[in-house]
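*Asks:* These are the residues of each chain, in order.
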Amino acid sequence: MRKYKLLLGLLLVVNTLMAQDYSQLLKENREQKNYGFFNVVDVKYHQGRFMKNSGSLNNIMDNPYTAYNFRVGFQSDGSKQKWDQLYGFPVYGVGFYSAYFDGGELGSPQALYMFMRAPVFRGRKMSWNWELSAGVSYGFEQYNPNTNPDQQIIGSSVNVYFNAGTGISYQFGKRWDLTLDLDMTHFSNGSTRTPNIGVNLAGLAFGGRYNFNPVRNYTKKKDDGYRPQTRAAFIRKDMPKYLRHLELILFGSIGGKTTTTQIYDGPTYFISTASIDLAWCYHHVGKVGIGFDGFYESALRDYPVKIENVEFGDLSYAGIHIAHYLRMYRLTLVTQLGFNLSPHVNHKGNNYIQVGGSYNITDNFFARAALKTRNGAVADFIEWGLGYRIPFAYSH
Amino acid sequence: MYKINNVLIGFIFLSSSVLMFSSCATIFSGKKNTINVMAGSPKNAQVFLDGKLIGEAPFKMRVVKTDLQEGSLIEVRKDNYKTMVFKVKRSPHVAYVVADIFSGVIPLVVDVATGNIYRPNTRKIEYVLEPVNEKKVVKAINRNKEDIK
Numbered sequence: 000m001r002k003y004k005l006l007l008g009l010l011l012v013v014n015t016l017m018a019q020d021y022s023q024l025l026k027e028n029r030e031q032k033n034y035g036f037f038n039v040v041d042v043k044y045h046q047g048r049f050m051k052n053s054g055s056l057n058n059i060m061d062n063p064y065t066a067y068n069f070r071v072g073f074q075s076d077g078s079k080q081k082w083d084q085l086y087g088f089p090v091y092g093v094g095f096y097s098a099y100f101d102g103g104e105l106g107s108p109q110a111l112y113m114f115m116r117a118p119v120f121r122g123r124k125m126s127w128n129w130e131l132s133a134g135v136s137y138g139f140e141q142y143n144p145n146t147n148p149d150q151q152i153i154g155s156s157v158n159v160y161f162n163a164g165t166g167i168s169y170q171f172g173k174r175w176d177l178t179l180d181l182d183m184t185h186f187s188n189g190s191t192r193t194p195n196i197g198v199n200l201a202g203l204a205f206g207g208r209y210n211f212n213p214v215r216n217y218t219k220k221k222d223d224g225y226r227p228q229t230r231a232a233f234i235r236k237d238m239p240k241y242l243r244h245l246e247l248i249l250f251g252s253i254g255g256k257t258t259t260t261q262i263y264d265g266p267t268y269f270i271s272t273a274s275i276d277l278a279w280c281y282h283h284v285g286k287v288g289i290g291f292d293g294f295y296e297s298a299l300r301d302y303p304v305k306i307e308n309v310e311f312g313d314l315s316y317a318g319i320h321i322a323h324y325l326r327m328y329r330l331t332l333v334t335q336l337g338f339n340l341s342p343h344v345n346h347k348g349n350n351y352i353q354v355g356g357s358y359n360i361t362d363n364f365f366a367r368a369a370l371k372t373r374n375g376a377v378a379d380f381i382e383w384g385l386g387y388r389i390p391f392a393y394s395h
Numbered sequence: 000m001y002k003i004n005n006v007l008i009g010f011i012f013l014s015s016s017v018l019m020f021s022s023c024a025t026i027f028s029g030k031k032n033t034i035n036v037m038a039g040s041p042k043n044a045q046v047f048l049d050g051k052l053i054g055e056a057p058f059k060m061r062v063v064k065t066d067l068q069e070g071s072l073i074e075v076r077k078d079n080y081k082t083m084v085f086k087v088k089r090s091p092h093v094a095y096v097v098a099d100i101f102s103g104v105i106p107l108v109v110d111v112a113t114g115n116i117y118r119p120n121t122r123k124i125e126y127v128l129e130p131v132n133e134k135k136v137v138k139a140i141n142r143n144k145e146d147i148k
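Chains as they are written, first to last, in numbering that gives the first Met the number 0: chain G, 0 to 395; chain H, 0 to 148.
You may find that some hints are simply not true.
[To be verified] Okay, derived cross-link-like pairs now, DSBU-like style, lysine-lysine, Cα gap no bigger than 35 Å in a straight line:
id: 1; chain 1: G; residue 1: Lys221; chain 2: H; residue 2: Lys59
id: 2; chain 1: H; residue 1: Lys88; chain 2: G; residue 2: Lys236
id: 3; chain 1: H; residue 1: Lys59; chain 2: H; residue 2: Lys42
[To be verified] Pairwise CB distance ranges, derived in the manner of DEER restraints:
id: 4; chain 1: H; residue 1: Lys30; chain 2: G; residue 2: Tyr67; range: 32 to 38 Å
id: 5; chain 1: G; residue 1: Arg300; chain 2: H; residue 2: Thr33; range: 57 to 63 Å
id: 6; chain 1: H; residue 1: Lys51; chain 2: G; residue 2: Val157; range: 50 to 56 Å
id: 7; chain 1: H; residue 1: Met37; chain 2: G; residue 2: Ser22; range: 27 to 33 Å
id: 8; chain 1: G; residue 1: Leu249; chain 2: H; residue 2: Val84; range: 44 to 50 Å
id: 9; chain 1: G; residue 1: Gly172; chain 2: H; residue 2: Pro130; range: 53 to 59 Å
id: 10; chain 1: H; residue 1: Phe58; chain 2: G; residue 2: Leu24; range: 19 to 25 Å
id: 11; chain 1: G; residue 1: Glu30; chain 2: H; residue 2: Asn132; range: 35 to 41 Å
id: 12; chain 1: H; residue 1: Gly29; chain 2: G; residue 2: Pro266; range: 48 to 54 Å
id: 13; chain 1: H; residue 1: Asn79; chain 2: G; residue 2: Gly356; range: 50 to 56 Å
id: 14; chain 1: G; residue 1: Pro239; chain 2: H; residue 2: Asn132; range: 38 to 44 Å
id: 15; chain 1: G; residue 1: Lys32; chain 2: H; residue 2: Met37; range: 29 to 35 Å
id: 16; chain 1: H; residue 1: Asn120; chain 2: G; residue 2: Phe269; range: 43 to 49 Å
[What the hints assert, rightly or not] Coverage of chain H stretches by chain G, computed from C-beta distances (three or more under 8 Å per stretch; other residues unrestricted):
id: 17; stretch: 70-79
id: 18; stretch: 87-100
id: 19; stretch: 108-114
Don't read these hints as lab results, they were simulated from the structure. Just so we're clear, the structure is a prediction, and the values are computed from it rather than from any experiment. Cβ atoms here follow ideal geometry from the backbone N, Cα and C, with glycine treated the same way.
Use the sequences and the hints to build the structure in full.
*Replies:* Have a look at this one:
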């Protein structure tokens with residue numbers, strides 16, 4: 000009996016010692032840098048003016064607009080991806096945008112979007128940041144010849160939301176930041192429905208940001224005294240040397256467009272693009288290139304003049320472009336400035352812009368969606384396509 | 000009829016408010032997280048969570064989420080085999096993030112604030128334990144075979 004009691008006692012002591020080991024281990028974990036999850040919630044209030052691009056809806060466009068933003072973000076700390084370090088440890092997240100326009104014809108749009116904010120310069124308390132957001136907006140009162148004839152700005156209630164901004168933020172205590180940004184917002188549908196002049200806003204945004212680490216929801220039961228850090232410490236690693244090289248980029252796409260003379264219920268015409276680029280990959284994040292575009296656009300049979308006995312040459316045209324590619328993770332922001340080579344599409348102006356995003360499905364194979372403009376920055380069509388990259392001529 | 004409509008509207012309002020403010024991960028994940036240890040080699044290895052025996056592989060169980068700390072250790076042990084250690088790490092659950100966004104962002108705030116959006120990497124634990132001393136184990140197996148003969 001005495002023997003059993005001794006054994007039981009010994010077992011208890013061993014168990015307690017082991018439990019202490021593990022709780023000590025967990026405690027050591029908690030004391031490490033960046034234990035937990037670093038999140039931010041921010042709210043912004045916007046006020047600004049419309050950037051007028053038409054003579055219609057002066058009663059709305061001459062007034063200021065107000066909007067607010069509500070966002071949730073995840074602060075990167077560099078522990079997982081080299082891209083975090085390359086971009087200065089950005090915050091990624093999602094947000095909800097709601098604008099109020101003074102007047103009923105345009106409606107008051109709302110949007111759901113993804114955003115990224117990264118620093119241009121990061122000081123001890125103050126930082127200067129840039130931001131990009133893209134998403135889907137809804138709530139526009141669309142053009143209707145019978146019920147909303149004066150609104151000749153936008154032909155669809157659901158549109159693309161795009162916002163770019165830059166501004167400063169100031170750390171205000173352990174958890175709070177104050178922010179002041181200058182930003183531009185754009186809504187349009189890429190000419191999938193006309194009219195599509197688009198809505199452009201420019202203004203100031205003032206906001207507050209709350210930084211928090213919800214890991215305490217897990218730790219407080221085990222260690223009530225533990226208070227997690229609320230701001231991430233950035234982990235910097237040695238970057239692998241980038242081997243500069245050239246790349247041949249082949250891309251093909253399709254899409255649909257409407258014309259500006261057949262507004263509201265005009266047909267959707269087929270468009271297609273094929274392009275070839277030669278790009279110089281100069282850094283992990285970027286490459287520049289020049290390329291050739293071939294376009295096929297069936298809308299040319301009806302616009303600007305109706306063509307009888309149409310031939311392939313009448314519906315196709317060519318251009319050359321210079322391009323820049325900004326890469327992050329598997330995503331790339333593509334910007335191209337192009338010049339028309341075909342005289343029969345003079346109505347499109349001398350130059351065009353293509354802005355889009357591509358996603359690397361594999362190392363070489365990618366999918367891309369892009370907006371092409373005409374006459375400078377007037378939306379022409381949205382294209383969806385696939386492409387293949389062939390890297391060569393690596394420098395050592 | 001008026002009363003029934005009012006009750007119905009009230010019910011819809013209440014349920015949508017609860018759904019909106021309680022959020023996807025907070026509602027559907029509950030207060031427990033899953034540990035799922037798949038069948039591995041050798042069979043019937045013992046599984047410990049932070050030193051405490053929780054079962055014999057393969058098994059699937061739900062544990063109180065606060066028992067799965069960030070950095071908790073799940074160990075798979077078997078005599079004569081090297082112990083395999085898994086560190087518990089939580090990361091945002093993509094499906095919950097998407098569902099929260101389409102429910103209007105506020106649910107995402109609730110899920111992030113409660114930490115429920117972060118799911119542990121314990122839903123599929125696979126193990127293959129290495130023998131401590133392969134020669135000794137092979138000898139033992141051969142000896143057993145001879146005994147059987």
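*Asks:* Among the hints numbered above, which are violated by the structure, and what are their numbers in rising order?
*Replies:* none
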